[in-house]
Amino acid sequence: MKLKLKIWRQKNAKAKGGFETYDLEGVSPDTSFLEMLDILNDKLIREGKEPVAFDHDCREGICGMCSLYINGRAHGPDDEVTTCQLHMRKFKDGDTITVEPWRSAAFPVIKDLVVNRYAFDQILQAGGFISVNTGGVPDGNAIPIGKEDADESMDAAACIGCGACVATCKNGSAMLFVGARVSSLAKLPQGKIEAARRAKAMVAKMDELGFGGCTNTQACEAECPKSISIAHIARLNREFLCAKLGD
Amino acid sequence: MSDNKLNSKVPAGPLAEKWTRHKADIRVVSPANKRKLEIIVIGTGLGGASAAASLGELGYNVKIFCISDSPRRAHSIAAQGGINASKNYQNDNDSVYRLFYDTIKGGDYRSREGNVYRLAEVSGKIIDQCVAQGVPFARDYGGLLDNRSFGGAQVSRTFYARGQTGQQLLLGAYAALNRQIATGSVKSYHRHEMLDLVMIDGKAKGIIARNLETGKIERFGAHAVVIASGGYGNTFFLSTNAMNSNCSAAWQCYKHGAFFANPCFAQIHPTCIPVHGDQQSKLTLMSESLRNDGRIWVPKKKEDVEKLRKKQIKASQIPEDDRDYYLERRYPAFGNLVPRDVASRAAKERCDAGFGVNDTGLAVFLDFSTAIKRLGKNVIEQRYGNLFQMYEKIVDVNPYEEPMMIYPAIHYTMGGIWVDYNLMTTIPGLYSIGEANFSDHGGNRLGASALMQGLADGYFVLPYTIGDYLAGEIQTPKTDTNNPAFEDAEKRIKEKLDKIFNIKGKQTVDSLHKKLGLVMWEYVGMARNEAGLKKALEEIAEIRKEFWSDVLVPGENNEFNQELEKAVRLADFIEIGELMALDALNRKESCGGHFREEMQTEDGETKRDDENFMYVSAWEYKGEGNKPELHKEELKYEFVKPSTRNYKD
Numbered sequence: 001m002k003l004k005l006k007i008w009r010q011k012n013a014k015a016k017g018g019f020e021t022y023d024l025e026g027v028s029p030d031t032s033f034l035e036m037l038d039i040l041n042d043k044l045i046r047e048g049k050e051p052v053a054f055d056h057d058c059r060e061g062i063c064g065m066c067s068l069y070i071n072g073r074a075h076g077p078d079d080e081v082t083t084c085q086l087h088m089r090k091f092k093d094g095d096t097i098t099v100e101p102w103r104s105a106a107f108p109v110i111k112d113l114v115v116n117r118y119a120f121d122q123i124l125q126a127g128g129f130i131s132v133n134t135g136g137v138p139d140g141n142a143i144p145i146g147k148e149d150a151d152e153s154m155d156a157a158a159c160i161g162c163g164a165c166v167a168t169c170k171n172g173s174a175m176l177f178v179g180a181r182v183s184s185l186a187k188l189p190q191g192k193i194e195a196a197r198r199a200k201a202m203v204a205k206m207d208e209l210g211f212g213g214c215t216n217t218q219a220c221e222a223e224c225p226k227s228i229s230i231a232h233i234a235r236l237n238r239e240f241l242c243a244k245l246g247d
Numbered sequence: 001m002s003d004n005k006l007n008s009k010v011p012a013g014p015l016a017e018k019w020t021r022h023k024a025d026i027r028v029v030s031p032a033n034k035r036k037l038e039i040i041v042i043g044t045g046l047g048g049a050s051a052a053a054s055l056g057e058l059g060y061n062v063k064i065f066c067i068s069d070s071p072r073r074a075h076s077i078a079a080q081g082g083i084n085a086s087k088n089y090q091n092d093n094d095s096v097y098r099l100f101y102d103t104i105k106g107g108d109y110r111s112r113e114g115n116v117y118r119l120a121e122v123s124g125k126i127i128d129q130c131v132a133q134g135v136p137f138a139r140d141y142g143g144l145l146d147n148r149s150f151g152g153a154q155v156s157r158t159f160y161a162r163g164q165t166g167q168q169l170l171l172g173a174y175a176a177l178n179r180q181i182a183t184g185s186v187k188s189y190h191r192h193e194m195l196d197l198v199m200i201d202g203k204a205k206g207i208i209a210r211n212l213e214t215g216k217i218e219r220f221g222a223h224a225v226v227i228a229s230g231g232y233g234n235t236f237f238l239s240t241n242a243m244n245s246n247c248s249a250a251w252q253c254y255k256h257g258a259f260f261a262n263p264c265f266a267q268i269h270p271t272c273i274p275v276h277g278d279q280q281s282k283l284t285l286m287s288e289s290l291r292n293d294g295r296i297w298v299p300k301k302k303e304d305v306e307k308l309r310k311k312q313i314k315a316s317q318i319p320e321d322d323r324d325y326y327l328e329r330r331y332p333a334f335g336n337l338v339p340r341d342v343a344s345r346a347a348k349e350r351c352d353a354g355f356g357v358n359d360t361g362l363a364v365f366l367d368f369s370t371a372i373k374r375l376g377k378n379v380i381e382q383r384y385g386n387l388f389q390m391y392e393k394i395v396d397v398n399p400y401e402e403p404m405m406i407y408p409a410i411h412y413t414m415g416g417i418w419v420d421y422n423l424m425t426t427i428p429g430l431y432s433i434g435e436a437n438f439s440d441h442g443g444n445r446l447g448a449s450a451l452m453q454g455l456a457d458g459y460f461v462l463p464y465t466i467g468d469y470l471a472g473e474i475q476t477p478k479t480d481t482n483n484p485a486f487e488d489a490e491k492r493i494k495e496k497l498d499k500i501f502n503i504k505g506k507q508t509v510d511s512l513h514k515k516l517g518l519v520m521w522e523y524v525g526m527a528r529n530e531a532g533l534k535k536a537l538e539e540i541a542e543i544r545k546e547f548w549s550d551v552l553v554p555g556e557n558n559e560f561n562q563e564l565e566k567a568v569r570l571a572d573f574i575e576i577g578e579l580m581a582l583d584a585l586n587r588k589e590s591c592g593g594h595f596r597e598e599m600q601t602e603d604g605e606t607k608r609d610d611e612n613f614m615y616v617s618a619w620e621y622k623g624e625g626n627k628p629e630l631h632k633e634e635l636k637y638e639f640v641k642p643s644t645r646n647y648k649d
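If you read the sequences in order, they're chains A and B. Heads up, the first sequence is in my numbering, so the first residue is 1 and it goes up one at a time. Heads up, the second sequence is in my numbering, so the first residue is 1 and it goes up one at a time.
Keep in mind that the hints were calculated from the coordinates and are not lab data. None of these values were measured; they are calculated from a predicted model. No residue lacks a Cβ here, since even glycine has one placed at the ideal position from N, Cα and C. Hints are supplied without guarantee of correctness; some may be wrong.
Stretch-level coverage of chain B by chain A, calculated; a stretch enters the list once three of its residues show a Cβ under 8 Å from a Cβ in chain A [what the hints assert, rightly or not]: (1) 453-465; (2) 550-559; (3) 624-632.
Examples of chain A residues toward chain B, derived with CB under 8 Å [claimed, not checked]: (4) Arg9; (5) Gln10; (6) Asp55; (7) Gly64; (8) Gly72; (9) Arg117; (10) Gln125; (11) Ile130; (12) Asn141; (13) Ala157; (14) Ala158; (15) Ser184.
Next comes chain B alone, as it looks inside the complex:
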C-alpha cells in the first residue's frame, strides 16, 4: 500500500548495521568542493545550531537565520529535564537496543525502526560531544556523570544539568556556532524570518526572508536549505512553546510540495502549571523529572474537592487514606513514571469525573511530601530547587509545604515535514531536522528524547547525509538571487503582506489566535471524536474567513512590527490547525498522543488499529481551496513485534 511518491530510503540489512552500511554507501564531498557550496539553515535551536556549526566545521558556507536577537534564544533553551543516551553508565542493563525499543514502543509503533535505531546508536556520542564543549552536566562525588530516570523508561539514562539541560546543551551548540561565525564559515542573520522557499528546476535553492528590524524583504540563495524551525504547538495559542515559536517556515515548504506527515500527533505534557484565567498568554511547563519524586493524586471524596475549591481546607490536610494516587493505582509497574500521553489522559479522566482541584476544577496535585520525608528537604532542593522557585513565583504557593497543582498542556509536536532516512523532504535539496520533521517519535515522544533527536540530527546525521546530495551539486554555480524564481517569490510575499495590512478590520491578531486555540483544545486536543473534528473543521474555516476579512494590523510594513509578524504566523497556524483536524479525522484509531474516543478499551486505554493504520500519513498540498492528498508510508516492523503498550505490569 506504500505510495510510490514516498521512498523512506531506509537501507536494507540487519538493524544494527543499517547506519554503518549507509554511511559507507553514500557519497562525500571533497574539501575543495565544500568551499564552493552554500547551505541555508533556518532556526538556531539544538537542531539548527548543531547542524550549522558542524557543517561550518566541514568547510561548507553556511547562512543561519533566527527570528530572535540572538541564536541563544531558541526555545530548545527551555527544556528542563534532560537528554537520553544509552551509555549504560549506571550498569542497569541499558543498551542501544533498549533505548531503541523504549523509544519505538513509547511512540506507539508509528515510527521507522531504522531511524529510531540510528537515534539510539548515536545518542552516546552526543554526550561525549557536549562534555567536550564544556557542558556542565551533573556529576557525582567521584567526578563521573550522573543520571536520572525519566517517564517511559525503567533505566536511568537521562543526563542533566540541574533543571536547565536544554539551556546548557543549546549554549554548547551556540558556542560551537559562534566559533564558526568567528572563522567566517557561518554567517548569522538575527531578527530575520523566512517567509518563503525559493525553488529552481524543482530543487530548493534559497529563501525569501524579512528583516524584522527594518521590514526589508531580502533574498538568499544556496545549494541546499535545512529547516530546523521547531514545531507547531502554538496553533493552540496557549502552549508551553515560546511566544514566537511558529510553523511558518515549515508551512511554506509544505505549500511548495514538501509533504507534511502525521500532523495530528501532538504531545500534551502532563505537568504544566494550570490555566488561571482568560488574560493568560502562555503556559509554563514543570519538568517531567518532577515525577521521579513527586506523587500525583486527587482527593477520593467529592466533599474534599468542594472544600478545596472553596479554599476551606488545604491539600496537606487531606489524610493519606482519602487520596487517590491514580497513576500508582492504574499503572502499578510504572506508577508516576508512565509516558506523557498516558499521564495526561489519566489527569483528564479524573478531572472529567469531577475530582479536579483548583477553582477551575482543571488541576491535579503533584506532591513532594513523601519524598521530602524520605530524602530531606535539602536533597529535593538540590534536585529541583529552580523549578520550585519558578512555581512559587508564578503561583504564589510554596511547593515544599503544599503540593503543586498541575494540568496537561500542549508541549511538542511529533508530526512535521516528511523526511526520508537522509532527512531530506520530498523536495530535492530541502532537509528538515529536529522537531520540525516527523521522523523519530511516532505517536508520542518520550521525555528527554527531543534534545537527543535535535542534536543527533544536527551533529551526527545531517552532516553525513547532506553530502550525498551535495556531491551531485559540485558543478552547480552559486545560486543567482536575480533569477526570476526569486523575483516571483519576493513579489508574492510583498503582495501577501500588503493584503494582510489592507484588511484593516476590527479583530486583533491575538483575539483571533485565542479563538483558534479554543477550537483546537476543545476538539483537536486530548480527546477527539468524529463529530468534534468535523465541527473543528467548520469552525476553523470560519476563523480563516474572519482573519482574511477582519484582522487589524497596525503600523507600517517597512519597520519593526511585531503585530505583522504575528499575523503572518497566525495565517499559517489556521491552515495547520485545519490539517491537524483532517489528519485526526482520517486516523480512526487511538495511538500515542492521538486519542479517538471511539477507539478505546473498556478501562479507557488507547486502542490502536495496526491492521488499518500502521502508516505515516503524509499530506500533499494541492493548491488553495483544494483538499490535500493523503499519501501513506507503510511502516514495516522487521525487528520488533508491535504490541499493546502496557505500563501496568
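Just chain A, with the same shape it has in the complex:
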C-alpha cells in the first residue's frame, strides 16, 4: 500500500505543534496501524529525522496505552478496537490518513502523539476502590453474587482506561470512565458499603481536574473500544444523586 500520512508533531508540552506530511510505500494490508508507524519511524530515523512519538505497549487491545485520533475518530475507522488492533486493510491504497493525539484539556500533550493521562489515576485514587486490606477477608464463596449482577459488573470493569471517551466527547467529559468504575463496584455487595462516598469523591475529583460535563451525546459509547454502555453513566448519576440526597 501507498499512503500519505498527516501527523501531528509537537516537540514538547510547551512547544506549538503542527501537522507534517509523510509518504510511505510498501505497507502490507496485514500490518497493524502501529506496525505501519514502526515502519515510518524506521524510515525517518534512517533519513536522520526524528521519529514520531506515540504511546503503545501490549498491542493486544487491553493495556489501554495506545491513544491515536485517526481521521477524526478515536482509535480510527474500525469499531470496537483500540488503535493497536486496527489493521491497514481498513484503509485503501493511496489514502491520506490524519493522525492526532487525544485532545482534551485534562490530557496535555507530552510529545507528538503522546499525552498525559495521569488525571485518570487521580480520579481512581479518590475512591475507585473497596477499602479492604490484604488478609482477613471472608471466603470467596461466602457472599453469593447473582450471575447477572456479576456479569454486569464485569461489563463495566472491561474499561481499559484509554481515554477515547474523553477524546471523543465535545465537552471532554470523563463520565463514561468514572461511570464504568462506579457502576462495576456498585453492582457488587462488597462495593455497596462505600457506594455513596465513592460516587461523590470521584465526581468531585473529575470536576476538579478539568473534565467537562456530560450532555448525553452518546459519542463516548460509540467510540469506546470495549463498548462500555452509557447505562453506566445513568447508574453513576443515580448513585451520585442518592449520595447527595443522603447528605
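We have chain A; now place chain B onto it with these hints.
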C-alpha cells in the same frame, strides 16, 4: 554439590508445616518502626502492585515505579485465561497437595518443593482477597464462583473473569495500590525507568531512574529494593510480551552481583497467532483456555496441505478422516490439554514434517466445530467471545466458521533473578518477585500459574519475609542520596547514555533487535543443540559489537525519547541472550521448555537427566568480558519422587 554461596533457606520439617513454622520463626517490625522504613518497588504488575499495596497497608513508606503512564498498563493486564487455586469448589478432589504436585511435575522437577508447596498453600487466599476487592470473577447461576480446567491439570481449579482475568486481577491490585497512594503511604512514579541499582556497604539501598518524560536522571533511596519488573521474553524481539516489557532492571541487579538463575528456561506458548510477515513487531497470544473446547489438528495428507497453502480449499472442507488430531493421538490421557511445552513441540514436529498450514507452513489448526456442534454457538460465544473477536480483527477470518490458525511463540520466562525462600536475592536487601524471579515454575510453567505466583509473592509472602530483613534495619537512618555511591552510579549512567548517543551509526535499534530475535528463535528457541548454541554465542557477540559501534539513536538525551529507551533495553537484551545460550549449552538435558535435540526419547519426548542436572543454575557476573561463574543449587526431593512426565496415559 550445592554451592556455599547459595543458601535456599527452605526451612526443615514436614512439607505442609514449613511455611507456618517459618512465619513463626522470622522477625516482625513494630508499627512505630515500619513508619521509619522505606521500600522501593520496581514494576506495577500483579507482583509489584500487590506488594506495594500490602506493604503500604502495613505502614511502610513505599515508592513504586512504572515505565508506563499508569500502573494499570503493566503486562499482567494481558493475561487472559485464569488463575489457579486449590479451593476444591468443584468437589473434583483438588487439594493443596494436588496443586503442588501438578505444579512441580509441570515444571519438570526443577523447582523447590518448599516454595511450590507454599504457593499452592496460599493460592486460596488470593481468590478470597480478589473477591473482597471487587474482582468480578465468573459465577454460576447459584451465585458461586465458577471454574474451568486448564492445560496440565485434570481438575477444574482455574478461576476466571471472561477472557480478561489478568486485567481484572491487576485492576484489583491497582485499586488497592490507589487506595494507598491516596493515604500517602505509597508514592507512585509513572514514566520512570530504573537504570541502576545503588548499593552501600554491600546492601541494596536505592536506585537511579530516568524520568522518561523529561529525560532527567533521578536518585531514590530506601532500606530495601524489590524487583517486580517481569521477564525477558522480549529478547526474542517477536514475543507475546508487551512492547515495553524488558529485563533491564533485573539485569542491573545481576551486574551488581545478584545471581541470575535458569536463564535458558523460557516458555513457548502453543496458541499464538502465527507470524504473517517481516513487518511485524508483536505477536498476539490466544488464551490457552481455548484448548478446553478447541481441537488441534493438521491435515493427514500432504496434498491437502498444498491445496490449503494455495487457498484452493478451506480447512472446513477437509473430511474428518483426513485430519490428524495429533495431540489426541499422541497423548490420549490429556489430549489437547497437555502442558504448553509439550503442545508447542508437537506443533513444531508436525510443521517440520511438512504438515504445517498457512502460506508460511508454520501454523496448525485450532478447531471449534466439534464444540459448536456439541454446545451451540451461544455457549462458545459466551466463553470465548472476546478472543474470537480479537482473532477476527487481526487475521480477518471468522473462527466460528473456519478453524483458527495458531503457532507457538515466546511468552514467559521461568528463569530470573535467583531468590531464597524469603524471595531475597544474593544481595542483602534486594528482593525479587513475580516473573522477575526464578522460583516456582522450574523448567515449565503451567497455565494460570503466573497470576497465582505474582499475587502470592506480593500479597502473602513478601510482606512477611521482608520484615525479617527490615527488623535488622530499624536503627538505619533514611538513605542519603548524596552518598558517593549514588554520585558514582549517576555518573556511570550518564556516561552510558552519552556513549550510546555518540555512536551515531547506521542501524536502527529495531533492526538490531530483529537480528538478535532471529538468532534467538533459530538457535535458542523451541529446539536447541550444541552446535547451534555455539553459533548463537558467536552471532550474539557479533550483534553486540554492531550495537556498540553502529547503533543510531536520534533526538536528545534530556527529553522524551523512545528510541533511547529501546536502545538501553536492547543493550541488556543482547547480554541476557548471551547468558541464555550459555545456560542452554551447559544444561545437556531436555527439561520442560528447554529441549536439547541430543537428549530425546525415540518418540521425540524430552529426556531429563536427574543424575547430572537436578540443580538450579545460578550465574554470577564476573565483570565485562569475563565468563560468568556457574553456581549450582542442588534440588532435593524429599516428598515427591521425580518421575518421567507422562501425559499419555
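Query raised in the report: Any of the earlier hints contradicted here, and which numbers?
Result: Hints 3, 4, 5 and 8 are the ones this structure does not satisfy, whereas the remaining hints hold.
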